[in-house]
Each structure stands twice: as structure tokens, then as C-alpha cells.
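Number of protein chains: 4
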Amino acid sequence: MPPPRAWIAIAGPGEAAPWELEAAEEAGAAVADAGCGLVCGGLGGVMEAACRGARSRGGLTVGLLPGTDRDAANGWVVVALPTGLGEARNALVVRAADAVVAIGGGWGTLSEIALALKAGVPVVGLGTWEVAREGARVEGVVAAADPRAAVAEALRLCGR
Amino acid sequence: MPPPRAWIAIAGPGEAAPWELEAAEEAGAAVADAGCGLVCGGLGGVMEAACRGARSRGGLTVGLLPGTDRDAANGWVVVALPTGLGEARNALVVRAADAVVAIGGGWGTLSEIALALKAGVPVVGLGTWEVAREGARVEGVVAAADPRAAVAEALRLCGR
Amino acid sequence: MPPPRAWIAIAGPGEAAPWELEAAEEAGAAVADAGCGLVCGGLGGVMEAACRGARSRGGLTVGLLPGTDRDAANGWVVVALPTGLGEARNALVVRAADAVVAIGGGWGTLSEIALALKAGVPVVGLGTWEVAREGARVEGVVAAADPRAAVAEALRLCGR
Amino acid sequence: MPPPRAWIAIAGPGEAAPWELEAAEEAGAAVADAGCGLVCGGLGGVMEAACRGARSRGGLTVGLLPGTDRDAANGWVVVALPTGLGEARNALVVRAADAVVAIGGGWGTLSEIALALKAGVPVVGLGTWEVAREGARVEGVVAAADPRAAVAEALRLCGR
Chain A
1 MPPPRAWIAI AGPGEAAPWE LEAAEEAGAA VADAGCGLVC GGLGGVMEAA
51 CRGARSRGGL TVGLLPGTDR DAANGWVVVA LPTGLGEARN ALVVRAADAV
101 VAIGGGWGTL SEIALALKAG VPVVGLGTWE VAREGARVEG VVAAADPRAA
151 VAEALRLCGR
Chain B
1 MPPPRAWIAI AGPGEAAPWE LEAAEEAGAA VADAGCGLVC GGLGGVMEAA
51 CRGARSRGGL TVGLLPGTDR DAANGWVVVA LPTGLGEARN ALVVRAADAV
101 VAIGGGWGTL SEIALALKAG VPVVGLGTWE VAREGARVEG VVAAADPRAA
151 VAEALRLCGR
Chain C
1 MPPPRAWIAI AGPGEAAPWE LEAAEEAGAA VADAGCGLVC GGLGGVMEAA
51 CRGARSRGGL TVGLLPGTDR DAANGWVVVA LPTGLGEARN ALVVRAADAV
101 VAIGGGWGTL SEIALALKAG VPVVGLGTWE VAREGARVEG VVAAADPRAA
151 VAEALRLCGR
Chain D
1 MPPPRAWIAI AGPGEAAPWE LEAAEEAGAA VADAGCGLVC GGLGGVMEAA
51 CRGARSRGGL TVGLLPGTDR DAANGWVVVA LPTGLGEARN ALVVRAADAV
101 VAIGGGWGTL SEIALALKAG VPVVGLGTWE VAREGARVEG VVAAADPRAA
151 VAEALRLCGR
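Residue numbers (the numbering used here), protein chains in the order written: chain A, 1 to 160; chain B, 1 to 160; chain C, 1 to 160; chain D, 1 to 160.
Just so you know, these hints were derived from the structure itself, not from any lab. You may find that some hints are simply not true.
[What the hints assert, rightly or not] DSBU-like mimics (lysine-lysine), calculated; alpha carbons at most 35 angstroms apart, straight line:
(1) Lys118(C) / Lys118(A)
(2) Lys118(B) / Lys118(D)
(3) Lys118(A) / Lys118(B)
[Claimed, not checked] What follows is a list of derived Cβ distance ranges for each label pair:
(4) Val138(D) / Gly120(C): 20 to 30 angstroms
(5) Glu139(A) / Leu157(B): 23 to 33 angstroms
(6) Gly58(C) / Ser56(B): 15 to 25 angstroms
(7) Asp146(D) / Gly120(B): 46 to 56 angstroms
[Unchecked claim] Residues from chain A that keep clear of chain C, each with C-beta distances beyond 12 angstroms, as calculated:
(8) Ala88
(9) Ala119
(10) Val131
By construction, the Cβ of each residue, glycine as well, lies at the ideal position given by its N, Cα and C atoms.
Model the full assembly from the supplied sequences, consistent with the hints where possible.
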């Protein structure tokens, strides 16, 4: 088991709509199919679906948990790290990733998008946040047509 | 010197436009006039202008620096804390605040807005980010007409 | 209120013996008398006694709390920062200090001593940990005779 | 690749003596032989030797790096996480572990021992720190005769 070719973070809400779960599972499978590792926040919803998808293809999954209880990780996380940092762990998810795929999402997902773009880590989005200043759309998140295209674009953007 | 009545974070970019600096200085002064402490990221631009405003009224200013060098703080920070956490310190700025006033801003400011709303800390904005999902504006940041109104609204929202 | 001349951390247990509390209160007073700010973990025991001593002389006190609840701070903390980092905040206490005075102490205090010495921050001790490797005492913590001497030595060692 | 049976942290200095490196490599191999994952600080010296030992038996290795550069990880880390937290990452190494094996060590290792004991995580030591208060040895680190015994004792103490 060599280190993965690259690490892709999949960000999204813990309480997710059916389309978000389907997209996350497909994106997780695409991450593993590309020989990449998956990093996420380790909890339920989008995070769980993404890990399930990655594990279905034999991928390696890392969950950076907000609390101190390893058992809070979803059942498809191989490396569960209870950081005890609360939402400050979002910065660590981003640092651990060569690129981020954001799917749907709440405020936590928006913080991961913002932290990634601040750090220069590319972000590809599926039905996620759009942001503007003074009425003018600000580019940053690259929209993708579907989960497989999102992962392919993420890999292209980070040059791995 | 008793503890302040409340702590207000002022978030905004380190490289700021003239209007952002003017708004930040006025907001900082309003924070001090209200008997509140000011917390921020401790660096230049909006952070420095806000601290200068607060100090001009004898206010207490706290700067949570990303690096480990205390001397990176702007000259109007009374309590300079070199966290060494990088942008993960944005989560600590938000935790330290009863309410956040966001002025203009880049990706770091957007991360503070998102982390605050995730944590249930109210955010008032001046010329800052607007966010949407699937074309529909999502409420969260309360817009204010001017810096003094922003601080007053922040205090009202946090109930202090 | 200009920034303090230096920041001194006082480290010690939350559940403390009477001698530890007396020493902490006297050390806190000495920190304020020297024109320095006091930084600590913000809770009870040695932390509370040190803050009480500093406030009795009009000093500025900062408490870096492990949890997210500001109300967990003792009543003599002026700047209470709920970091939400758990014991990882011990590293921030050390980073915020020009020197550390360790009084008595449990494992948390030992971690602060070790983190300080790792970072090159001088540590002065009163009845605190002694450490050895293979039976040979390892120097690091400078022993002091009493609380006022400890603070004076801490200031001398950090060159402030 | 299911999650490991338990996670064992191996703590020790980045600049290590030959006996420390030999002990670390043997301990790392024992961790993998027991079906456990290895977590460490990800850098050189004891950390590198432990990872090399674990990888020689097909084990899974996690490195929690202090900086933001993944390439700082030693060549036997499978999951390299650039935390960007500096020495505050020592608290995360401890949180990620069911038990800690400390080998030799400097101040950073002592901080990991102290943080583990504070958190209730058992620590087994090989030629590492001894600690005392007022001249009386304080128990905490369980001494082991050799690397394989250390890992066995660590597993016994954490009940995995």
C-alpha cells in the first residue's frame, strides 16, 4: 500500500439531501478509481457517502473528526482522527487536500471552500455555494457537470 | 479595568480599500464607545484600522495572530496572541466573539463569516460577501447601512 | 492602557494545594507589579489565584480556555478566550508567553513546561516537576526560592 | 483494508541515537505485526524508523506533521497530514492514539507523554523521561524491557 497519488477532500453537509448523497458516493468512488486518497470530516451525510463510495473501490479514507471520540466516525473511515478541534478542523481538512470537491453544503462547507481558496487549494463544486461581492459574482469554485467530472477536474487543477 | 460588556470581532482583509479602512476605524471606535472589547486577526488593513479606532476611544483590543511572532501584530493591539495556527485561527476569532462585523473582505473573511454562522454567532456585514445556493440568495449576514449601525445591530443580535 | 512590557504565563493545576494557591496569588501580583500581563489557562486553582493576584494590582489577565464556553473562566480573567482546542490550547499559552512560571502542577503543567522548553521559552519553577533521563537529572526548569523571585528570574531570562 | 485493530503512537526525537532508531524500527514492526496502525509526528529520527519498521510488515502509518508541507513527511508515511499547527499537533498525535510508546526523547516527547497522561491515554517507555515532584518519583510511564514488550504492554493497557 503505497501513499496515494493525491489526496482529494470531499466537503459537504452532515445532513444531506438524496442527490447530495448520490453525488458524494459517486465522487468517492471516482477518487479511489483515480488512485487517490479521500480526506473528509469523518461524520455522516456527504462525508459518509463519499467514504462508502471510496471503500467500494478499495480506496483509503481519512476522517478528521471535530470531537475527541473516534467512534463518531462513519463506518467507512479507515483512518479516523479525533482532532478535538471542533470546526477549526475544517482548516486541517483543507491542508490535507491537494484539491477539494464541494457537494451541496451548509455553513461548514462554505468555510472549507473559503479556507481552501485562501490557501490556494483548488475547489470544484457540485450544486454548492455561489458567492458575490456588491452584486458581482466572484469566481473561485469551478462548477462541474457531475461527480466523475468533478474529480477529474480537481485532479487536473492540482496537477496530480 | 473590568472585562468588557461583550466582545465584537471585526473581520476584513489585510490589504484593504480606503472605504474599508474608514469603515473599520469607525466600527472599532463604536465598539469601544459601547464598552465592548474588540477581537480580530491582529494584522494590517481592516484589522489595523479597527484596532486604531478602538484604541482612539480607550478600548481593549485583542489580536489572534496566525503566526508565532508577536511582533507581526499591528501597533494598536493591546493583547497580541501569536497562535501559530495559521488560518485555523479564524475559528478562534469567531469563538472569542459574541458577534462579528464583516467589512469588505477576501476568502479569509468569508471563512470567518461561515464559521460564525455555523457556530450560531451573528454576523453583520458592510459591503461584504453575499452567498447563494442554486441561484437563490441565502440569508445569514445582516446588512448594515454604516459602521455605527453595524456595531449597534451586532450588539442587538447577540443580546448584550 | 499600552501593551504590557512582557507577558508571563503562570502554569499550575486547577485543583491546587493551599501553598500552591498562595504562591500563585503572590506570583500574579508580582507579574502586575512588574508591568507585565498575565496569561494562563483561565480556569480555577493556580490559574484563578494567579489572576486574582494580578487583578489586585490592576494587572491585565488573559485566560485561554480549553472549551468553547467563556463563562468557564475564573472571575479575575479580563480577556477570556474560549479556544475550543482542549489541552491543545496549552501550546497557545506557551506561545503567548515571554516566559513561564510553573507552580506545583499535574500532567497539564508538565506539558506546558515541555512545550515551553521545546519552543525556547524560559521556565522558572516553584515546587514543580523535576525530570531525568536514565537516572540523570536534566536541567531546564530554573528553580526559584519564592514567587517574587520566580517572576524576577522569569523576566531576567526572557530579557524584558 | 479494514481499520486497524488499534492505533499506537510512537513518540521520540527527530534527531536520535542509534539505539533509539533500532528500538523504534523494532517497535514499529511490532505495531504492524499486531494488526495495529501507527501514528506519529511524521518527521525523521524515531518517527522515521518507526514508520520504516511498520511498513516493512505492511502496516499503515500516519504522520501528523507540524508544518503545512506534506513533503516534509518521511518516506514511510502512508497518510501524511500537514496540520500547520506546529507543536500543538502533539496533542493531536496523542488524541489519535489508543496508547503511546515513548522512545528516548527530547522536550517534544515529554510533552506528548504529559498530554497522554493528562488525557488518560496509557504510555509505555523505553529509555525515556522519568519525572518526580519534590524528590519523589511520580509513576505514569510504564517501563518496558524491549520494543516488542513495549508494544505488547501498550496493547494490554489500552485493552485492545
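> Holds or violated: Lys118(C) with Lys118(A), Cα cutoff 35 angstroms?
Replying inline: Roughly 30 angstroms separates the two Cα atoms, so the pair holds.
> Honestly, do Gly58(C) and Ser56(B) meet the 15 to 25 angstroms range at C-beta?
Replying inline: About 22 angstroms separates the Cβ atoms of Gly58(C) and Ser56(B), which means 15 to 25 angstroms holds.
> Is Ala88(A) truly not at the interface, in the sense that its beta carbon sits beyond 12 angstroms from all beta carbons of chain C?
Replying inline: violated, 7 angstroms
> Holds or violated: Lys118(B) with Lys118(D), Cα cutoff 35 angstroms?
Replying inline: Roughly 30 angstroms separates the two Cα atoms, so the pair holds.
> For Ala119(A), which was marked as not at the interface, is the minimum beta-carbon distance to chain C over 12 angstroms?
Replying inline: holds, 20 angstroms
> Given the hinted pair Lys118(A) and Lys118(B), is their alpha-carbon gap at most 35 angstroms?
Replying inline: Answer holds: Lys118(A) to Lys118(B) is near 19 angstroms, not above 35 angstroms.
> Is the gap between the beta carbons of Asp146(D) and Gly120(B) within 46 to 56 angstroms?
Replying inline: For Asp146(D) and Gly120(B) the Cβ distance comes to about 52 angstroms; the hint holds.
>> A range of 20 to 30 angstroms was offered for this pair. Does it hold for the Cβ distance of Val138(D) and Gly120(C)?
In response: holds, 26 angstroms
> Would Val131(A) pass as off the interface with chain C, using Cβ distances and a cut of 12 angstroms?
Replying inline: holds, 26 angstroms
> Regarding Glu139(A) and Leu157(B), is the given constraint of 23 to 33 angstroms on their beta-carbon distance met?
Replying inline: holds, 31 angstroms
Against the hints set out earlier in the document, a violation occurs for number 8 only.
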